[in-house]
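When you get a sec, could you build the whole thing from the sequences and use the hints?
Those protein sequences? They're chains B and Y, same order as listed. Residue numbering for the first sequence follows the working numbering, starting at 1 and increasing by one per position. Residue numbering for the second sequence follows the working numbering, starting at 1 and increasing by one per position.
Rather than coming from a laboratory, the hints here were simulated on the basis of the structure. Treat the hints with care, since some could be wrong.
Claimed, not checked - Lysine-lysine pairs mimicking PhoX-like chemistry, simulated, CA-CA at most 20 Å apart:
hint : chain 1 : residue 1 : chain 2 : residue 2
1    : Y       : Lys-228   : B       : Lys-16
2    : B       : Lys-207   : B       : Lys-6
3    : B       : Lys-58    : Y       : Lys-258
This structure is a prediction, so every number in the text was calculated from the model and none was measured.
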Amino acid sequence: MRSMIKTESLTKYYGKSRGILDVDLSIDEGDFFGFIGPNGAGKSTTIRILLGLISPTKGTAEICGRDVTKEKKAILADIGYMPSETMFYHNRKAGEIIKLSADLRKRDCASEAAALCERLALDPEKKISQLSLGNRKKVSIVCALQHKPKLCVLDEPTSGLDPLIQREFYKILEERNNAGATIFLSSHVLSEVQKHCRHVAVIREGKILASDGIENLGHAEAKRVTVKGMDTLPAMEHVRNVKEVDGGIRFLYSGRTSALLHALSQLPLTDIEITEPDLEEIFLHYYEKEEEKHDIIEA
Amino acid sequence: MILLRHELRQGRMPLLVWTAVISLMLGACVLIYPEMKGQISEINSMFSNMGSFSAAFGMDQVNFGEFTGYFGIECGNILGLGGAFFASLMGISALAKEEKGQTAEFLLTHPLSRRQVVLEKLAALFLQILILNIAAVGGSILCALIAGESPEGEIFALLFLAYFLLQLEIGAICFGISAFISKSGLGMGLGVAALFYFLNLIANLTEEARSLKYITPFGYTEGADIVKSTGIEIKYLAVGMVLLVAGVVCAFHRYGKKDMA
Numbered sequence: 001m002r003s004m005i006k007t008e009s010l011t012k013y014y015g016k017s018r019g020i021l022d023v024d025l026s027i028d029e030g031d032f033f034g035f036i037g038p039n040g041a042g043k044s045t046t047i048r049i050l051l052g053l054i055s056p057t058k059g060t061a062e063i064c065g066r067d068v069t070k071e072k073k074a075i076l077a078d079i080g081y082m083p084s085e086t087m088f089y090h091n092r093k094a095g096e097i098i099k100l101s102a103d104l105r106k107r108d109c110a111s112e113a114a115a116l117c118e119r120l121a122l123d124p125e126k127k128i129s130q131l132s133l134g135n136r137k138k139v140s141i142v143c144a145l146q147h148k149p150k151l152c153v154l155d156e157p158t159s160g161l162d163p164l165i166q167r168e169f170y171k172i173l174e175e176r177n178n179a180g181a182t183i184f185l186s187s188h189v190l191s192e193v194q195k196h197c198r199h200v201a202v203i204r205e206g207k208i209l210a211s212d213g214i215e216n217l218g219h220a221e222a223k224r225v226t227v228k229g230m231d232t233l234p235a236m237e238h239v240r241n242v243k244e245v246d247g248g249i250r251f252l253y254s255g256r257t258s259a260l261l262h263a264l265s266q267l268p269l270t271d272i273e274i275t276e277p278d279l280e281e282i283f284l285h286y287y288e289k290e291e292e293k294h295d296i297i298e299a
Numbered sequence: 001m002i003l004l005r006h007e008l009r010q011g012r013m014p015l016l017v018w019t020a021v022i023s024l025m026l027g028a029c030v031l032i033y034p035e036m037k038g039q040i041s042e043i044n045s046m047f048s049n050m051g052s053f054s055a056a057f058g059m060d061q062v063n064f065g066e067f068t069g070y071f072g073i074e075c076g077n078i079l080g081l082g083g084a085f086f087a088s089l090m091g092i093s094a095l096a097k098e099e100k101g102q103t104a105e106f107l108l109t110h111p112l113s114r115r116q117v118v119l120e121k122l123a124a125l126f127l128q129i130l131i132l133n134i135a136a137v138g139g140s141i142l143c144a145l146i147a148g149e150s151p152e153g154e155i156f157a158l159l160f161l162a163y164f165l166l167q168l169e170i171g172a173i174c175f176g177i178s179a180f181i182s183k184s185g186l187g188m189g190l191g192v193a194a195l196f197y198f199l200n201l202i203a204n205l206t207e208e209a210r211s212l213k214y215i216t217p218f219g220y221t222e223g224a225d226i227v228k229s230t231g232i233e234i235k236y237l238a239v240g241m242v243l244l245v246a247g248v249v250c251a252f253h254r255y256g257k258k259d260m261a
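In structure tokens:
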């Protein structure tokens, strides 16, 4: 399969402060790729290099086999980009911005734009200054998708969108992906990445910790459980990261839910909370792995 | 061309306001000339007897009894300074406003080269300055006819040409600065225009500071000199045009490899 995005040792320093360090990514044509990491991990820096907004300190990045620093114009013609912070010329109407975007691409996308506005429930007659964050995001989506790009680069696309629109948005992305487009999206919401992406890369403090198929990122399925009214946990399987918290215990559980509920029902609990683990906890797992590797090498 | 059109549209309001204010003030100055002419001997002696103050504004060298002399000085202050402020404000924000307004991520992720962005924004800036000047010239001529004065064509043309070039130069210098900043540089822009203006005043005051006229574009737009010699001082103009080109080159060079904030 042909590679759509390929970076080698991609590094960016802002002065002395770290942006990203030796990022190696390889994303195949037609993939649905998720890029996850906490805020400030380097997701946007990587994306901004790919789009030619900033230049790398070291390393190379290619899109469709073209160097991003040398063939920017040709590359950008094939990309639809949605920035994480969506700002437009606020004195203009949404429809005018969408038209401007198409004109800058020298394309007539009027019918596709109208269809997207309809599906996302966006009124193109409204002025940008009157739009909420979510509605500005919709303008951004239309601008990124109306020209049917080969590659969609979406930087935290769903933050600020309501659940119904999120669902419609992912439906559109699935359709585009099925039609052959490559989707590259960054997020810090694990569940949406898990649900839609086939491959995932995890970035933290500027470094790629893991890049693999979603099914191999097994620990993503873990639940975080907090129980109150007890201070020690009986022996249970699939439990890790056990921590004492105020009046109870918190741990990560990655086994079967029914087994968990059965075990918990035997305990004198006063309160219980089962949530998605935050990324910190998932990353911790990768850190542990890294350390283990080092230990082995040193031993 | 799309970006050029977009820029002109985005700058419509400031262009309209500055053009209206400058043209109206110019027109008003021309229209009150017949009134002034009646008291011309008093004005002439007053203006030429204020010592260094007269010298600073070049009023000691020009006869206010002639319409052209009067216009050269008044026009210099309104179109020269007003136009300089307009050009500096539009120039300094031309490139930087995309980063300040966080629209750079939108604009620069379209298939446009940075060079093309700079080129179209520069063209829009120069076009806006041209529009303002055409309106100002048209308004002045119209008002002169209404006031019953017939201005001397050649001197008039030279004055307007000099002011136009001054605005292009200041606009281009500020445009060059704009490529280096990512915040609002409006204060800096006004500062540049004001600094040039005051440098010329200082150059008029003392012989030792005369060489400052090479630096400031107000050196070659001195109304009094143009009226007196029916020409633009080429040595000052040449340096000015070098600065204009330097501003443009800086903009292309810097913006081409700038990391967008």
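Going down the list of hints, with the structure as the test:
1. Lys-228(Y) / Lys-16(B): violated, 59 Å
2. Lys-207(B) / Lys-6(B): Cα-Cα ~16 Å, so holds.
3. Lys-58(B) / Lys-258(Y): Given pair Lys-58(B), Lys-258(Y) holds - Cα atoms ~16 Å apart, limit 20 Å.
In summary, the one numbered hint that this structure violates is 1.
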